[in-house]
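Visitor: Read off the chains here:
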Amino acid sequence: MKVTVDQDTCIASGQCVLTTSEVFDQRDDDGIVVLVTSTPPESLSPDVHEAAALCPARAIQVAD
Amino acid sequence: MTLEQTAPLAYPMPKATGCPFDPPPDLKSLQAEERLAKVEIWDGSTPWLVTRFADQRALLADPRVSADSTRTGYPDSIPNVSRDRDSFAFIQMDDPEHARLRRMVTAPFMIKRVRAMQPGVQQIVDNLIDQLLAGPQPADLVEAIALPVPSLVICQLLGVPYDDHDFFQETSRMLIRLETPPAERKAAADRLIEYLDGLIGRKLAEPADDVLTELADRVRTGELTRREAAGTGILLLVAGHETTANMIALGTLALMEHPEQFAVLRDTDDPKVVARAVEELLRYLNITHRGRRRVATEDFEYAGRQIRAGDGLIFPNDIANRDPEAFADPDTLDVERDARRHVAFGFGVHQCLGQPLARMELQVVYSTLYRRIPTLRRAVDLDQIDFKHDAQIYGVYSLPVTW
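If you read the sequences in order, they're chains W and A. If you read the first sequence in our numbering, its first letter stands for residue 1, the second for the next number, and so on. If you read the second sequence in our numbering, its first letter stands for residue 1001, the second for the next number, and so on.
Please keep in mind that the hints were generated in silico from the structure rather than gathered at the bench. It cannot be assumed that every hint is accurate.
[What the hints assert, rightly or not] Below 30 Å or equal to it, Euclidean Cα-Cα: the simulated BS3-like pairs (lysine-lysine) are:
(1) A:1112 x W:2
(2) A:1272 x A:1112
(3) A:1388 x A:1028
(4) A:1272 x W:2
(5) A:1272 x A:1038
(6) A:1028 x A:1038
Just chain W, same shape as in the assembly (with noise of 0.2 Å):
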């Protein structure tokens, strides 16, 4: 699994830190997201996509 973020869409919703904050994180001058890690382990499959589907500017993308 191989996470991608845009930063220029984020809008700083903070939906995918609620999701998993194992993988995303907020930058702390504007809550922009952050990649924690861009290859987190498969156990984690489900809420990464999960994070993705919840995005409401759509700037996560998950390639399996």
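For chain W, the structure is supplied; the task is to place chain A on it using the hints.
Guide: This is chain A only, laid out in the frame that chain W set:
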């Protein structure tokens, strides 16, 4: 007869009598019949109504669909008091302007900063419940808890004196009440602008640790005009308390009408159970019941319909969140289901900025109020409760309770 020849239904539609939590029955039939339907709104214009969950998520995230309320064809929900660009907040702008202004105020709503605010919110809620319990019965839950919680929190966050709450609560009520005459709405908006502008001026002279000071700093550096700073402050102040206040009161009423659901919250101390219940209450209640508004910026085809540049689009989240394709048994309140994908906060780049704060406040209130007052109940019959059918944000004007 083709669908195009049928006279469009009027929107918004009335709710069914005796059914205060469900969307209008006409909206339900429309959702079952068509993906996109023309409706007629108050000014005689006929925008598209998008009723299904998947279509709302697709079109609200579509770059050909604009939130710019100064564009011709934008389906205003109430008479627009001004087409003056400067008088709008970023929720009525498109990127890159929207992103520039929104990013100035995203930091206070970060998950870690909201979590850090939680003990303070807990203290506020505990104090208000102490006062409620020490006071006479019945009591109005709106005045005692629902309105003061978000109002105290947003005032603290922004750096607005809570002592002024009578002024800005009344003014914001005039702004969102549907029958406020346009001239009065304009005057109310002007009074709020003047008030926020004054506060920003004060923060320039005496900085504090709050969001208005951060906005004032951006004015000082030339990143924001003073008008943009005041407009952003108004948006946060008004959106920050009317919405959450109505979720607290209407949510409590809905739980009291569903005792087995009330019991789930009353009997738990598991934050995950509470968080799940909050999402379900957001999905089920949909207090932003007048539909999000957009306008097409170019011609395109969607769901077999030809959308033209300048066509208005309305997205009622109340019906999308009751779409059986998205949620099983959608008209049932089930606080134990996973409802996280709901569109109560909207979807796309305009999704509610304050949602982490709203969630946290609702989690604290719902997890504290019913545990501390397990016998909380309505003090009047359901049909005596005054629902906000006439406001932009749905809820109750008052909620007499006893315990």
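Visitor: Give a verdict on every hint.
Guide: Comparing the hints with the structure gives:
no. : hint            : verdict
1   : A:1112 x W:2    : holds, 25 Å
2   : A:1272 x A:1112 : holds, 17 Å
3   : A:1388 x A:1028 : holds, 20 Å
4   : A:1272 x W:2    : holds, 28 Å
5   : A:1272 x A:1038 : violated, 41 Å
6   : A:1028 x A:1038 : holds, 15 Å
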